[in-house]
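Novice: Listed below are the residues making up each chain.
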Amino acid sequence: MKCFLRSLTLLVGLFFYASSHAADALPTLTTPDDVGPVIEQPIEFPHFRHAGDAKDGGMQINCMYCHTYARRSMVAGIPPIQKCIGCHQSIESVRDKPRIQKLFEYWDAKKAIPWKKVHDLPDFVRFNHERHIQRFYFQQDRPYQEVCGYCHGNVKAMTVAQRQKPITMGWCASCHQKDHLVSANSSKTGHGPNDCFTCHK
Amino acid sequence: MTENDFNRRDFLKVLGWGGAAVALSGCGNTSIQDGQETVTSYVTLPSFVVPSISNYFNSTCAQCDAGCNIMGRVREGRVLKAEGNPNSPINRGRMCGLGQSGVQAHYNPDRVREPLLRTGDKGETITWDKALGLINEKLNGTKGAEIAFITGGMSGHVQALLGNYMDALGSKNHFSYEAISPAVLRAANKKAYGMSMPRYRIDKAKVVVSFGADFLGAWVSPVHFSQQYAQFRKGTRPEGRGVLVQIEPKMTLTGANADRWIAVRPGTEGVLALGLINALGKAGMSIPADVAAVSNEYTAERTSKETDVSAEQIEKLAALLKERTPSLVLAGSAAEGYAHGSQNAAAIALLNRVLGNVGKTVEASASVPFPQIAPTVGNRSSLIALNDGLAAGKYKVVFSYGVNPVFSAPASMKFKDNFAKADFKVAFAHYMDETALAADLILPLDSAMEDWATVVPEYMAAPEEAGSNTYAQMSFRQPMMEKVFPDTRGVGDILLALLKQRKADEYKPFDDFYSYLRSAVLKNKVALGGKAGDDDEVFWNETLSKGIVPLKGIAGSVSAKASAAGLKLPVAADADPSYPLRLIPAVSASIRDGRNANEPWLQESPDPLTTIVWDSWVEINPKTAAKLGIVEGDIVEIASRSGSIKTQAYLFPGIHPDAVSVPVGYGHEAMGRYARGVGANVFGMLDAVYDKETGELALNETSVKISKTGQRVIIVKEEGPVGGSQAGKPKIAVQVSADKVDLSKEV
Amino acid sequence: MSVSNLLENWSKFRHTHPVDDKGYPDWEAYPSDIKWAMAIDLDACTGCNACSVACYAENNLPVVGKEKYSHGQAMHWMRIERYWDESAGVGEFGADKGARFLPMMCQQCEAAPCETVCPVGATNHTEDGLNSQIYNRCIGSRYCSANCPYKVRYFNWYNYPEQEKVWPEPLNQQLNPDLTVRTKGVMEKCTFCKQRTYTARNNAKTEGRQVQDSDVQTACQEACPVGAITFGNLHNPESQVAKQWQSQQVDLTKEVQEKDEKEGNRLRGYRILEELRPYPSVMYLERVRESAV
Amino acid sequence: MSKRYLLALYNNFDEAEAVVRELRNADIKGFSAADDLVVKSPIEHPEVEEFLGDKPVKVQWFTLGGALTGGLLAFSLIAGSQASFYSQMKGGKPIVPIPPDLVLTYEMFILGGVYITVLGFLFCAGLPARRSPLYSAKVSEDQIGILVKADDGSVAILKDIFTKHKALEIQEEAGR
Amino acid sequence: MGKDIREDIAWAQINKDVLKSLESPRKLYWVILLVAIAMVGVAVGCEIYQYNVGLGVGNFDNPNVWGLYIATFIFWIGMSHSGTLLSAILHLMHADWRKPIYRFAEAMTTFSLMTAGLFVMVHLGRLWQVYYALPYPSERWVWPNFQSPLLWDAMAIFTYLSSSVLFLYIGSIPDLAICRDNIHQGWRKKLYTLLALGWEGTDRQWRNFRVTYLTIACFLIPLAVSVHSIVASDFAMSQQPGWHITSFPPYFVAGALYSGCAAIITLFIILRYVFRFEEYMTLPILKKTVRLTFAIAMVWTYLNCVEFAATWYSHDVAAKAVLIEKATGRFAPFFWGMIFCGSVLPFVMMVKKWQTNIPVMFAVSLLLNLGMWLERWMIVAPTFSHGYYPWTWDEHMWPSMVQWGIVFGSFGWFTLLFMVFCKIVPSVSMYEVKEMVYHRSLALKKEEQAVKEELAVKGAN
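Protein chains in written order, with the working numbering: chain V, 39 to 239; chain S, 115 to 861; chain A, 34 to 326; chain G, -13 to 162; chain B, 12 to 472.
Derived by calculation from the structure, the hints in this document are not laboratory data.
Ideal Cβ placement from N, Cα and C applies to all residues, glycine included.
A couple of the hints might just be wrong.
What the simulated footprint calls covered on chain V by chain S, stretch by stretch (three residues with Cβ under 8 Å from a Cβ of chain S suffice, anywhere in the stretch; the number is not a length) [said to hold, decoys possible]:
1) 103 to 115
2) 127 to 137
3) 143 to 151
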């Protein structure tokens, strides 16, 4: 009997737990489990060196200096090698580093670098970098590192980029349902679209 | 920016599509994946290229000879879709389904990928050097007169280069062949109006009477005429909504859109035209004496008896034509495909003169100021000339480019056998079609989206503001992406390489056709709309980006003096009881003469009238079918004196009871997975009857008999079991009489 | 799911939707400043199939081949229907007045019968008035198709891209990356070229302005050689489509148009099966035929 | 004072009824007819309840509770989930439509009712249970069993009563 | 008329007879089992093929999107209603002749629901994503669409299935206890011990049992009605001609009871023979069942006529067209077959002589089942091929062998489950037959007593 009661309580408890989870579970933006795998890239690009803070030895380059398409295209894009060479051909000090040598090898062979996708959304998802950058960077005037970091995590501390956020549908929605200021000097708020067709193609 | 001196080809290569992600099935992985795919990345990228945003390159459609100006949508180094160039006076930003399918010709999996050499029954892959060397070898010691080159209609710089090559070989045997072409019309127009392709102004006409001209479907420049037709149908235009009357034995797409479709007995179009002139005279219109002399014989009773069109109908039509001017009378392929086709066309042209349309709706057009790039139009008489020469063993080396005569020549000509008589046959081929299979050497061609060319359309449309008849244009065709198959070559490049074998010095400065074209264009910078002081590079890029080069054309003039002299229409003979029916090979808007049959979109887009897909069919009037005991889906044998085919029967109200119709372009035995074995080839069974004046093969002059084979199939078609019936249904597709609506206030 | 959400959406009871009993369209209450709509002039349409092929090219539609076509499994989102006059008597067709052509695609109904019945909510009504189809959400119950009076929903009976090899290399390079290639078991249909309207809206938003007619054309509209198709924002009175609807006095939210009830109707705008009250967003203009000849 | 169990088997209900009536009237030490008397029968015999005296059945309260909980829970879950962030307009219908929700509420009402009734049954009938020490397979075949519990000292009296009424067999808990 | 059951069967004999059915059925049992397994094999093969290649192999097309699957789904749902009818409705009405046969009827309910549920799965285009239709909190944060009648359907079937299983189980606990007491070896012993939950037949247990059983029976009746009317609303809620009919829910329920009863007759005859239940499943009971079936057949016929008449009388042109198409078009043979099997054939059951003629009734019940399957097909298919939009009408669609194979196999699947069940759980409710015998013998005694008294009075006079 007791055993039966216990299991009954357990069942009811489970049910209420599940329901309450359904009711107002806001998945935390990052849990340690959501960190993606380490991905081997053809060249181990040191993000921290380029984008990191000065105190950590970084050069504080704006993300959109290299990922230049992010503000006007759906995709952020990988810079063409030309862009890397543009600077690196005049930086003699690091010319002998193996990474840089590799870079020049690709350049001389006129071969594109086969970078691996780190944040590879399923094909039926339409994510628009431009829209988000417009909204948070240009209209709300937030710092770019914060804006990019919403989804990409603390890239400036990474070498090769690694996924830090779950990037699931519920995760996207958790942000879309929050009210954000429309622009930096407005008190009007609005939330992201909740229309399935906006993000699904 | 680091300097990189890439030329155009390299530039396209750098954009390379090889690593670009192809749209894949979207429902595979439902969650994020890390590190599985590769990013599309580049070595260098011009500033106008932004990933995920399309660029548009202007070019020219190569799917038919109308020469519509198109824009290719290019993304990540791949051309995805063809769209119309809005600045084009020809198609004004619009496109037909055939043109849309150009991308499928480009990406077609059945394209020839490497040069192939036939030895006996086997073929082997060879290198370009070897292929070109072989041609050189064969040509050495061959007299110019023994070399023949058969092409389709051509124009632009490739044609100029071909002319030069033929000159270098000392050959005058360039045959320009088109299986379906308005050649009789051109000749008749030349006689009647003084120019073979005047500008028709459907948009200005109040009434259009078309004798079988399928200008909305497959006639001359359908997209352009569709544009005009759209204007013509607008109730808001000053002339009011136009009336279209289509006179033809087999309903075409244009006939389906006509206010009145008149089924005429096949071959009596000229009689009906003269009968109409007579009726116009009766109605009080003044008829020039020379015309009246001919037309007076065609009383309403006689015309009605010969043409199977009721006298009231003729009277009504005459009344309409008299009342509403200007009108426009068109003579199309249905009228010209007879032994007396030229006479038919001439009689129809007389109508325009009588109605005073010449100069109003039949306008003069201009021609390009450079005769060497002006279009050479194809016809069917040239094939006959080539065939005769081959049969006589006159030609040792034959080149073929852009045509498929082995497929489209009537079996009675025995072209395939005669072709085999030539020692060495070179086919410039896109697909392994019937002609390429019969050739000894097959040279794979670039697609129209990988190749350079210039195009001058035969039917010269002009923008509205150009007004006078001085507008002519040349269009550019340019590569929009890296080659899909690396070992194909442009026809210009091949001709240039061949020319270098003959005149090495003269063509030394040109690495490839691109540099030849560029220098040829820059040489005539001023004539092509540039200023003498313009920077070459800037001029070239601007010209290319526009895609259209307006030229100050050589003005032509139309004469309203179509003569009735010598016009003599045969009295329709009684049908041969053993071959009681007239076969009308139909040209569908999508498959046309069959050269595009390997593009799946075209095979799957239903024929507009019968809605049949993926097969050929024979259209039979329900009355005729009832007499013969044929029902839909019966496999019937259609036999002429020269051959026979078997295909499915489709009962079709839009055909004269004396005629049956089978679409051309089907029944390929080769060419590729989408074309091979689909339907039956009606070209093969045509009788060898020729137009008496032009010597053109008379397409509609074949008499046939039909017999059931006993088999029956379910026709694969789009229409449902009730077909077009809407009886008792809610409002689906409705029709309203023009006098019941006020169209003038529409938006 | 919070209580405030519940209350908020509860109060949306019938307010977010322009279909109502009172006089509509009440654009004040419409959730978005865009309502995509179309007008097709059947008098101009020649039945040439250009729109249909353009749709194949734009929307990655598979070519199914003869055998599957014969089973009625064609995937043309835009089909051209041909109708004859039945003047000659029931079942007998007269061709002397030509045929009638009607391009048929998803009518993007405001009160779509397909939407309510989807068990997983894969098809919904978007704020800009489209009938959306979320391919990945679809489990393939086909209830929507069963309930569609126009039968314009097409089901992927096979795995066209991978198993049926509909796009053999390199034909697959033509596929439009702006939308997915649907795999077996999902329903699909005309989206009014969602990828194009999306881009147009995105660009207009970035530039801080309203979407104009010049910003977006659907693939069929762009191709149509006679310009029979007009597409645009019905909400914007300046758009061509709104003007056309207005001039034909076709009201989005009525199942019986007032003009139809009047005697001597001299306008030719109508919507197919509107008496079923799905409130379709495509207006057709009747074909006109001259009777003087 | 330790307790002992006795099981007597009877051929028919009449005899069993007579035994029960006698037991109820008899004053036996350590035995109360209300608590220590259990009748086991192979069939459902409502008369047993009569002669055993009124013992209320409470299952229906479970039913009521279950049904109400099920219905309420269903309605709030359904309405709530439709009103969530992904609220999507459908077919001109309100986002939280009452009529279809009622259908599901009705179903869940029944589902809750049935489930909780079954739970209530198990609870009230004391199932699942360990088998009592005295059990005869005959009870599930064709005989009526009367199980009593009484003080050691009363066993003899009980046995007497049983035999008096032609008990077929009397089982006694093994000595303790 | 004979007796429903002999009053003098000893209770121990009942135990013996019924328990024997668990041990040694006739050979036919094994034949049926093998055939059923083979049929399931066919269906499994077809389903694997269809799952891998796509639904297209079933010859579906644009208007005909559902084919046979949904028709068969309704058929199985309908079949399930018999159990409820016999065990719940007749229980409430104190019709004690139901007692020997209600157990297998209830099992039929359960297994036909399980078969019906499979068709929901089989017809899905993306079976592997079926969890999208479940209402559970997921990381996607989306819920199924509760406005869809399909979801109501799923919910109703789930409720019905789980309630039926519980009802069946609760009702068989005393019998499971008997099995536990009589079978002493092997896994069965463990199984019965576990399932019997320690049932001893105490007065407390019986008391609560009675109330519970009654309560669930009360719930089951509205539930069963709701299940089939919700299935009906899959169609009636839509706008399609021929489906959008108000009388559909009662019509569906009547059809469900009808097909259920017909199936009971079939299985009655089979079980009676296979398990040697001649003593319990007696001909008088068959006669009662047959008469009940006839009555329901007439209700169904009436509702059918109402449906036709309403369509005929209305101005709904499209619905009328569908009806005419059904009766005269391609479906005419099936339509008239349905009318024959459903409305004409039942009159055979009016003939008293045939009501207890086993071969005749067996044949009739099979044909009735066929008629009811045709009815479901005639509801689903004609509307698809003759909807509102004339362009898409389809004359040529014919289900492929894959569809037929799966439909065919579903009968095997049902039979397999049913037969295995009957071999494990007593298919005649022993305790209730005992009750029946007990009450009847009491009544008989009373009667005899009365006669005796009468005689005594007479004698006294």
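Novice: What are the numbers of the hints that this structure violates, sorted from low to high?
Specialist: As far as the earlier hints go, only 2 is violated by this structure.
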